[in-house]
Amino acid sequence: MKTKLSKIAHGRAGDKGNTLLLSLIPYDPINFEKLVKNVTEESVKAHLSHQLKGEIKRFVLPELKAIQFICQDSLGTGVTTSIAMDTHGKSLSYALLEMEIDLN
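Read left to right, the sequence shown gives residues 1 to 104 (the UniProt record's numbering).
Some hints could be false.
Below, a list of computed lysine-lysine pairs in the BS3-like style, where the Cα atoms sit at most 30 Å apart [what the hints assert, rightly or not]:
1) 45 x 57
2) 7 x 45
3) 53 x 7
If you're looking for bench data, these hints aren't it; they were derived computationally from the structure.
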């Protein structure tokens, strides 16, 4: 059964220049392993390919039951020089939550 990430997790976004930081945290810790299994660097890159242009690194944080993605070259030219509407990339956490994964 496929479900949107928004049904089982919430996200946060931040920025450091032209680097986007995306965090994914399950509402219920029981779903953490499902996120680790299904939300990979490759799946995030494919889902957000319109925006994420550089390398993506995933950090699994088992103590926090969270996953963080560091996405290089993802915010145009960076917050202070970009002409993009969402220079901080905050809306990309919501875009990530639209991704569907298989819960089986």
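Against the structure, the hints come out as follows:
no., hint, in the structure
1, 45 x 57, "holds, 10 Å"
2, 7 x 45, "holds, 20 Å"
3, 53 x 7, "holds, 27 Å"
When held up to the earlier numbered hints, the structure conflicts with none and fits them all.
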